[in-house]
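Here's the letter readout for the chains.
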Amino acid sequence: MMGEFGKPLPQLGSPEVIAPPYRLPEKPCEVDPVTYEILRHRLWYVVLTMGETLKKVSGTATSVEANDLSTYLALADGAPVFLGPYVLLHSGIADLVVSNTLRLNRDDPGIFPGDMFFCNDPWLGPAHQCDCSIAAPFFAGEEILCWTGATLHQLDLGGVDPGGLCPNARDAFAEPSMYPCVKIVERGRLRSDLDRQIRRNSRMPEIVALDIRSMIAANNFAHGELGRLVERYGRQTVLATMIQAIEVSARKFRQRLERLPRGRFRGRDFCEIGGAAPELQEDVYEVQVTVTNTGEKLTIDFTGTSAQSGGFANCGIGGLKSGALAGLLEMLAAGIDWNAGVLAHLEIVGQLGTINNPRFPAAVSDGITEGAVVTASAVSAAVGNMLLGSAEDRATVSFNGANTFLGNTLAGIDENGRVWGTLLMDGIGLCYSGNEYRDGLDLAGAGGIPYTQFANVETNELHYPILYLFRRVGKGSGGAGYRRGGNSIELAFTPYRTPYMLMLLWTHGAEFPNAGGIAGGCPASAARFGLSTTAKIDERFARGEMPDSWESLEWTRLAAKSESHLAPGNAVYFGAPGSGGFGDPLLREPERVLADVQAGAYSADFAARFYGVVVTDGGRRLDLARTEERRRHLLAERKADSRPLAVGQHPSAQGRLDLLFHVGCALSVVRDEGGEIYWACRRCGHLYCQVSENPRTAGLFSCASICQAGHPLGQMTWCEHPRFVFRRFFCPACLVMYENEVAREEDPIVHGIEYSLEWLSSLGERAP
Amino acid sequence: MSYYVGSDIGGTFTDCVVIDERGQVAAGKAPTTPHDFSQGVLMALAEAASKLGVSVGDLLREVAFFPHGCTVATNALITRNGARVGMLTTKGFEQTLFMMRGSAYCQGLPVERWYQKSRNDRPFDLVPLELIAGVTERVDKEGREVVPLSEREVLHAAEALVEGEGIEALAIGFLWSFMNPSHEIEARALVKRRYPGLCVDISSEVAAAIGEYERFSTLAINSYLRPAVEDYVGSLEEKMRAQGLEAALLVMQASGGLRHARDAAPLAVGMLHSGPVGGLVAARMLGDLLGLRRLITGDMGGTSFDTSIIVDGELRYTRRSYHERHAVSLPMADITSIGAGGGSIAYVDEGVLKVGPRSAGMMPGPACYGRGGEEPTVTDANLVLGYLNPEYFLGGRMRLEPARARQAIEQRVAGPLGVGVEEAAAGIVSIVNAHMADAIRFFVLQRGYDPRDFDLLIFGGAGPAHGAEIGRELEVRSVLVPLCGMATVLSAFGIANSDFVRLYQTSRSLPFPPADLGELEELYREMEARALADFASDGFPAHRVSCTRSASMRYHLQLTDIDVVLPPGRLDRRVAEEICSRFDRQYAELYGESAGFKEAGRDMISQDLRAVVEMPKGRIEAWARGASTPGRALKGERVAYFGGEPLRATVFAGELMEPGDVLEGPALIESEGTTVVIPPGCRAVLDPYTNIRLEWR
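Here the protein sequences come in this chain order: A and B. First residue of the first sequence? That's 1 in this note's numbering, and the numbers climb one at a time after it. First residue of the second sequence? That's 1001 in this note's numbering, and the numbers climb one at a time after it.
Since no wrong hints were added, every one of them can be taken at face value.
What the simulated footprint calls covered on chain B by chain A, stretch by stretch (three residues with Cβ under 8 Å from a Cβ of chain A suffice, anywhere in the stretch; the number is not a length): (1) 1352 to 1359; (2) 1441 to 1454; (3) 1590 to 1603.
For the record, the hints were derived by calculation from the structure and aren't laboratory data. Each residue gets a CB set at the ideal place from its N, CA and C atoms; glycine is no exception.
Isolated chain A, as found in the complex (with noise of 0.2 Å):
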C-alpha cells in the first residue's frame, strides 16, 4: 500500500503558481466612515438587484426556481467587490473573465462605453460551457472605473449531449459551443449576428435569448445605478470605497489566519468513472490538495491531482478557483464580505493537465458537479483539519458537509406526444456537517450556495410525466458521530402516463462516501441510486399499495453515471449522501441518540451498530445496561480487527505534560518539560508520537473493504467490485476512533494535520 501524498505527475510540468495572492490597488482617495458605509451599502444592493433583474427578465426554472445564478461588481482588474448571494460555484470566474477579456479585446476590437462580453470558454472562466457570463466594463469618463457582471446556467448550447452535460464528449469539440470573451453589446446594442449563432448552436433558443437579455438587462440596471452614484459622490470616492471594501475583507481574512493553527493541512477526495465510453467506466480521479497557513497567507495547493480525464468531468480554471472558494469561504469567511479581500491572502498552485486544471480542448462539460464538486471537498477537508485545533472554531464552525450534486438528465414524451427535458434539482437537497457542540444539519442544501431550494413534488409533477412515490429526509444518510451528520434528501418517482423516459446520471461518490467522518466520525452514506423494473407501481396501485421506502421495492443499482430507458411501471431512486460525523460515534450520550432514533434521524438497528446503543420498544426505551454491553463489545472488536501500524519508537516525555491544545474530539497537543511537543489521547492521555508525525501511523490500525457486511458502512454503500477501503484510527489505550479515511487500497494514509513546529513553539503556554 500507500504511495506518496502531493507527489507532482511526472508527465506534466511542475506545479505552478495558478493564481497569485491578489495586490491591491491603492485607494484615491480618503473616505469618511459614513459615506463610505452609505455607498458600500449601495453598492451591495446595486449587486442584489442585479440578481432580481435576472430573476425576472429571464423567469426561467433554473434562475428563478434554483438560483443557478450569480452576480458581481469588481474593479477595473476584475477583482471582485462584491458577490450576488448566489451560486458561489461561479464566484472565482469574475476576475478570470474580466482579465481574459480585456487581454482578448483591449487592442482588437477594443473595448468601449457600452460594450459587453459574452464568455462560456471554460479555459477562460466558468467551470463548464453552460454558465455563461456577460461581463461590462462601466466607463467613468474614458477609462474603466469598474465592471459588473451575470452568470446564468444554460440549459442547452449544442454539444452531442442534450442538456449541455455530454457523457459521450471525448473533448470539448462535442460539447457545448464555446465562446471565449466576445462581444456581445457594442455601443449600447445587441449584435444580432452574434446572438443568432448562439441561438443556432442551442436546442433551446428561445431560452437562451431570454437569459442574454436578462444578464444585459442586469448589467444595464447596474450602470445606470452607478452612473448616479458617480454623479452624486465623484468617481474617486465610489472607487476608493469600492477598494476600501476589499481592504476590509483582507484585514478580517488576515485576523482570520492568524489566528488558526499554522503548518500544512491535507484534505482529498475522489470521483468515479469519467464519461459513457466504456474505457472511461472504471475510472477513478483524485483531488489532492495541501493547504499551508503561514499566518499571512494560506496556499492552496493541489499538486498530486490526477491527471485529466479522457471524459467530461474535468473542470476550467474557473472550477478550479471556485471549488477552492466554495470549500473554504463558508469555513474561514463568516462575517467577512466574500470578495477580492480573501483573495489578497490566497495562492493557488498546481500542475496543468489536471482533472481541476486540464489541458485544452478536454471535455469539462461536467465539470461543476465532478472537478468543481471534488475540489471543494477536498479543500475544505484540508481546511477543517486546520479547523480542528481551533477551540472556537470547533464550536461555531459547520465542518465540510455533503457537497455530491446528483446531476440528472430527463427527457422523453409526455402523454400529449410533446418531446420534454429537464434537471431534476431535487437532488440540492443536501446538508451540512455540524461540530463539537452542534449535530450536521439536515437538508441545509449545498455548501457554496447559500439559498438552496428545489421544488415541490407538484410542481414537478404539473411540468414533467413523473409520479413521485415519496420524497423525504433519507434516515441514516449522515454518518454517525459524537455529534452526528446531517441528513439529505431520498425520493423515488415513476414515469406516468408517458410511453419512455430516458435518464442519464451525471455525478459521483455511488461507490464511496464523499463526504468524510470528521475527529474520528464516521463517514457519511454513498450516494443511492436505483431502477426497479419489477416494480409494477400502476398494479401496486390499482391494489391501493403505495411503496413509500428502499425497502419496500427491489431495486438494480445504478452507477453514478449512466444511461437507463424507463418503461411505464418502472420505479427510479434517488438518496443523496449525507455529511460525515463528528467525532467517534461512540462518545455519543445515548440519551441523543434515543431522542435521534425518535425523530427518524436513524433506525434502532443504526444506533445499535454504530453507536453501541439499544434502544427498544419500537424506539420509545433506553437499555442502558445493553448499551453498556454492546459498547463494550464494540470496543473488543476494534481491538480484534486492528493492529499498530508504526515501526517507530513508541515515545517517552519527560515530567510532567502541559497540553496546549485539544484537536478535534479524541486528539490534543502536549508538551513535556524538555519542551518536546507530542500527539497524546484527549480521552485518556496516550502518548502517540511526536507532533511532526502522523499520528494515523502511530495507533492501532483497521482497514475493511467498505462492502464488508456488518461493517459500519455497509448498509449504505454499494458496487459490484469494491475499490475502496474504509481505515480507522484507534487508540491503542482507550480504543476511542480518533480520525478514519475512505480511499483507495493503494492510496497513502493522509497526514491530515502537520503543524508549524516554529509556531507551536511561540504558542507558549496559551492554546489557540
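Once you've looked at the hints, dock chain B against the given chain A.
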C-alpha cells in the same frame, strides 16, 4: 350623530380613531392591556371620544360596526403559543413541512445571513414530525384519483394522534387536493364523526394553491393559531358587549378587508398582519383623496420598519409571505419588514460605522429609555441631535434620558471613531436613512417599479423624523406625513375606513386561452356563487357584493407570474384576447419589452375572485386654507444638528397647525407620539387635509 370607529390593538399601544359624520377625526391611545384587551380599547376610545365631546357609552351605542385590528395571531406565532397540532398527509410525504424545500436555514432571514447558513437555526416546528402521519391516498395533477383513500388508516392515525398524543387540532393536507379535494373532505368527515369536538382544517379550504409545502405550511399555521384566535375573539366580544357595544365586532384581515370576528377563527392565518394592513388602507384612501396613484408606505416604529407600495390606487398583494420564517401561501398585502426602526443598534467594526440589523427591541430598548440598554441606537442619535424632545416622547408618556444617549454614543461610536458625539450621531442617522432608502428601493425595483415615480407616505412614531432624508435619497416626488396627529394611529384610521373583503382562489393550471372557455367561466361562477352565499350569511344582499375576477398568468417556460384583472363580463373569445393583451402589456411594463417569451404561449396558473361589500365611511373634510403664518403653533426653539452644524430649529405644535401653514427648515413639528424633522433646505406645507407635505428646494 353617527360615528365610524377603528381600533388597532398593537403589542404596546392600543389606538382608536373616531370619525363623526361631519368628517371630524379624533384619535386616542392607551397602553395595550393583554389580560383584558377591552380595557385598553375603552381607554383609547374614551380619549378619542372626549375630543369629539361624546361619551364612550353613547359612542358604543351609536356605531353600526366596530372594526379592529389585532396582534393576537402574530403574537401567538412569535411566542409559539399555539395549539398542539397533528397532521395527516399523503403517505411518503410526511416530511414536507420539515424539509421546507431545502431552505430551512435561510427562509425568512435577511440576505446577509444566507452567507453563513450553517450558523443559523431552523424555525420551530409548527407540527412536530412525530405528530404527522401518512395515509394511503393519491391524486394526480389533473385531480384524477390514483389510489383511493384508506379509511382505515385515517381513523387509525387520527386515533393515535388524538388519544395517544393529545393533539388539540388536526390539519389534513394531501397532494393535489386543490385539484380534487374529495379525499381531504372524506378524511375530515371520518375524523369528525369520531371526534366531533376536534378542530379539523383541510388544505384545500385554507389555501387552494399549487405547491404542497406552502399550502401545508399555511394550513399548519392556521390550525396552530385557531384556538388562540377563538379565545381572543370570544373574550373580547363578551367584554365589549358588557360595556355596551351592540354593533358587530369586525376584524381586519391581511387581505386588506374586514370580516366578522366570530367568523375569523376558521381562517386564523388571515389575521396575520392584521394591524399593519390598516395603515395601507389608510394610505390608499389618502392617495385617492390627493390624487396620488403611486405611493410607497414607510411605517417606522420603535422596533420595526415596514414598507409596501400602492399602485394605481390598489394595495399590492403577494401570494407568498413569510411569518416567523414559515411560508404562507395566501394573497396578502405585500408588506415587508426592512429593519429594526428606532431600536437599530450602532457600532464600529474595523473603523467602519455600522447600524443594525441588531435591535435593542423594547427591552432594554435604546440607552435613553434608561432601562439598562447600553448600546447606542437610532433613537439615541435622534435625541442627541436635538430632533426629539426628551420631555415630550410619546406625548410625554415617557421621559428620555439624553445623558445616557450621549454616553452610549460616546463610548461605542464617537470614541472608537475619534469624532465628536454629535458627529457620530449624525453619522448614525445618515447611515440608517441611506440603508432604509436602499432597502425600499430594492423592494420597489424587485416588484418592477421605479421609486422615482412614487410619493412616500411616512408614518409610525419614528418615521416622520426620517421621512425627509429617506425621501431625498429615494428621489421620490414628495414626502407626506399623514393627517396631522394621525401618523401614529394610521392603522386604526385605515381600519375605520375598511370594507368587507373575501378572497377566493382556485389553482387550475392551463394554457391560455384554453380550448374550452366555458369551463373557466364555470370556475369563476362557482367562486362568485360561493362569495354571494358567504356574504348572505353575513347579512349582505347580493346587490351589495361586487366581485372582481383576476388571474395569475405567466409565459410558458417562464416562472415569473403576474396578476391580471379580468374585464367584466362573460369569458368569451373577445374577453380572452383582451386578457392576453392586458397580460402582455403589464409584463412588458414591469419587466421590459423583450422579457416576455410570447412565442411559447401563455399559461394561467390560478383564478382569483375578490368580493367586496363597501362600508359607509366618514368623509374626510378639506379645510379651508388659512393663513400661512403658523405663529399660533409656535412652541419655541431648540438647537438641532443638521449636516454636523448646530442650528436653531423652530419648534411647532402639530395639533395647532392648520391647512396652508408653511414652514421652512430647520424646523421641528412635535405632535403626540412623533416629531417631524424638517431639515434646512426642506419646506413643510400643510395641505387642506392637514397632511404635511415635505418638499426639498
